[in-house]
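Q: Just so we're aligned, residue 11 is where the sequence shown starts under this note's numbering, counting upward by one.
FYI, nobody ran anything at the bench for these hints, they're computed from the structure.
Listed next, with one range per pair, are the computed distances between beta-carbon atoms: (1) D259 <-> A202: 23 to 33 Å; (2) E252 <-> A146: 55 to 65 Å; (3) G162 <-> D134: 21 to 31 Å; (4) R251 <-> K219: 14 to 24 Å; (5) D134 <-> E252: 33 to 43 Å; (6) G22 <-> I218: 15 to 25 Å.
Because the structure is a prediction, the values reported are computed rather than measured.
No residue lacks a Cβ here, since even glycine has one placed at the ideal position from N, Cα and C.
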Amino acid sequence: MQEQPVLIERIGRVGVIRLNRPKQMNAFNDALMDALGDALLAFDRDEGIGAIVITGNEKVFAAGADIVAMASWSYMDVYASNFITRNWETIRQVRKPVIAAVSGIAMGGGCELALACDILIAADNARFALPEIKLALLPGAGGTQRLPRAIGKAKAMDMCMSGRTMSADEAERSGLVSRVVPAESLRDESLALAQTLAGYSAPALMAIKESVNRAFEASLTEGMLFERRQLHSRFASEDAREGMNAFLDKRPADFRHR
Numbered sequence: 011m012q013e014q015p016v017l018i019e020r021i022g023r024v025g026v027i028r029l030n031r032p033k034q035m036n037a038f039n040d041a042l043m044d045a046l047g048d049a050l051l052a053f054d055r056d057e058g059i060g061a062i063v064i065t066g067n068e069k070v071f072a073a074g075a076d077i078v079a080m081a082s083w084s085y086m087d088v089y090a091s092n093f094i095t096r097n098w099e100t101i102r103q104v105r106k107p108v109i110a111a112v113s114g115i116a117m118g119g120g121c122e123l124a125l126a127c128d129i130l131i132a133a134d135n136a137r138f139a140l141p142e143i144k145l146a147l148l149p150g151a152g153g154t155q156r157l158p159r160a161i162g163k164a165k166a167m168d169m170c171m172s173g174r175t176m177s178a179d180e181a182e183r184s185g186l187v188s189r190v191v192p193a194e195s196l197r198d199e200s201l202a203l204a205q206t207l208a209g210y211s212a213p214a215l216m217a218i219k220e221s222v223n224r225a226f227e228a229s230l231t232e233g234m235l236f237e238r239r240q241l242h243s244r245f246a247s248e249d250a251r252e253g254m255n256a257f258l259d260k261r262p263a264d265f266r267h268r
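Take the sequences, apply the hints, and build the full model.
A: This is how it looks when you write it as structure tokens:
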């Protein structure tokens, strides 16, 4: 039997998606990216899920695009099929928090997928690279766009042009990852964070995600206006009223995600 390209797990209000092509180092092909997109959208629609974790295995998060599949493609093949745009960018439609839990290597498209997540937790054995230059290609799933926004132009140029590998420690210092944890603690730390997020008000989390993402798309003045309107709109929500009353009553808030 053919292995499922992703494995799905529900843990309380957390949805976990595990990339599952271990023999191919979780290299991305259409089957995997279609399955990943379907799983992300299903969890995003599910009112019982408050946060999503994407992970691989202990040795590899993902090695990027499947070169075996790509080697014979022509320009018209990739243009006509809308390569990458068709199914790699489904994650951009997800409104709930998405956490990348990265252990081992995250190369090429694997690094780009991690960059597309909202929070990136790296095991201390994680390694990141965009080695497409070695194939006379370039990062094409957001690497040349998201990486400079995360770590600045100098380091992004270095990684994209040299194809060098960045350690977890350097990735944290550079702002590529949110935090680094011991490899043996990655699952527990990622789930704990996801469970914390899933316990907060879902509409408030969506507003935060939209506001932070807007920072990369708009001027400071427009971004500040967007943030202010998002804050104002929270005062129309049941959860904000509950959160403030719970604080005053010195009790845990009971958010209804409304």
